[in-house]
Amino acid sequence: MSYRDWLVGTVVSTTQQTPNAKSIVLDVPGWHGSAAGQHVDVRLTAPDGYSAVRAYSLASTGPGHQVELAVDLIDDGEVSPYLVEELRAGDQLEFRGPIGRWFVWKPEQTAPVQLIAGGSGVVPLLAMIRAHTAAASTVPMRLLYSVRSPADRFFAEELAATTNVDITLVYTREAPDGWPAAPGRVTRDVIAAATTPASENPAVFVCGPTGFVEAVATSLVELGHDPVAVKTERFGGS
Amino acid sequence: MAIFSRGFTGRPREAQPDLPPGQFLTEDFPVLSAGPTPTIAQADWSFTIKTELGATHSWSWDELHALPIEDVHTDIHCVTRWSKLATNWRGVSLDTLFAGVESSYDYVMVHATGGYTTNLPLEDLLDGKAWIATEFEGEPLEPDHGGPARMIVPHLYFWKSTKWVRGITMQRNDSPGFWEQNGYHTYGNPWREERYS
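Line by line, the protein sequences are chains B and E.
Numbered continuously in our numbering, the first sequence closes out at residue 238.
Numbered continuously in our numbering, the second sequence closes out at residue 197.
A couple of the hints might just be wrong.
Simulated pairs of lysine-lysine, DSBU-like, Cα-Cα distance not exceeding 35 Å [unchecked claim]:
hint, chain 1, residue 1, chain 2, residue 2
1, B, LYS22, E, LYS129
2, E, LYS50, E, LYS84
3, B, LYS106, E, LYS129
4, E, LYS84, B, LYS231
5, B, LYS231, B, LYS22
Simulated from the structure, these hints should not be mistaken for laboratory data.
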């Protein structure tokens, strides 16, 4: 059994995360665990044998045979509408993995960690936060999380209850009542004010839509971060 | 044997002979990169081939553009499963660049600004199969797509088409490059679905 073989998971539960997204917990006999930041290929098969495969980041990490994905619905998508709107507890889902060894954080890494997420890009970064918690790591870890509105936060309760990671939220369209900052994008000034400075040589992980990642990564380099220390994962077209 | 997905029908489909297995068509042009997009001025750009004999063959931006520029009309296939059909590029063939290069080695390591590398057999770069491209769809190549110059090797998955390309080092063995060390296939033929190592 290797990560190239297709495994069959059974859906344990699904949870609405945002108006457009759900998380899915599966029980997968034969799963050997994953490192934080890795992804899986998910395969759907129609009655005539036609299949469609897409990659999704894992929110779960570590050993055990329970796996958690979180999926944002893409309006003209082929796989995400099925996963968000159709899939329910008891259904079977085929996937393989874990895949990827670059966009990965391991608890034995000693550099401070700066995570920067846009929208559903928080999913693999949540896996890093969970790995940090599970390892009782003392490495400083921060998250800068950009979302459109309070309702668009993924894993809002879990992040609100997280105490080992310093979390800064940025609302781009609509902030909660009484929020100290007006809604706006993650600019270079926001990054300078709310993230670990380049002088502390952090390992930086940036994940989100292409435009968001391009802007953030460019700002990080302008702020003095070594490009080699900035790992990115982009999704969507340009 | 795949299990069927209750309630899944998929998109309306017709035969797509140009689409390798497991790929879907996209109209836009997704960006995949491991890190920040570098900004490289044309004046600072050069391309160098190094051989085991110690020889180096280098071209500045202007020297590259003094060579014959070819129009390339091709499909491209990304390992993340999107394919884009009938794209148009302009660039210099690797046949032109290798015309004066002597080497007994059969493999290359391609290098990019930022340290990215990818490995290929030399024969996959020759006989009209690879180019140093500087234009995409009639425009100068954008930095996020590898500008000012990227290699294109369109018969392989597109991670083999190095963005921000700076040079080639001949190598004796097919030693793995960056993505190849991080879980991806050493060769990457989309028609055989060589995605992962």
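Against the structure, the hints:
1. Proximity of B:LYS22 to E:LYS129 is assessed by CA-CA distance (about 44 Å); at most 35 Å being required, the pair is judged violated.
2. A hinted pair counts as satisfied when its Cα atoms are at most 35 Å apart, and E:LYS50 with E:LYS84 qualifies at roughly 33 Å.
3. Distance hint between B:LYS106 and E:LYS129 is unfulfilled; the C-alpha atoms sit about 40 Å from each other, more than 35 Å.
4. Simply put, E:LYS84 and B:LYS231 have alpha-carbon atoms about 26 Å apart, close enough for the 35 Å limit, and the pair holds.
5. Annotation: proposed proximity of B:LYS231 to B:LYS22 holds, straight-line Cα distance about 26 Å (limit 35 Å).
Checked against the numbered hints above, the structure breaks hints 1, 3 and satisfies the rest.
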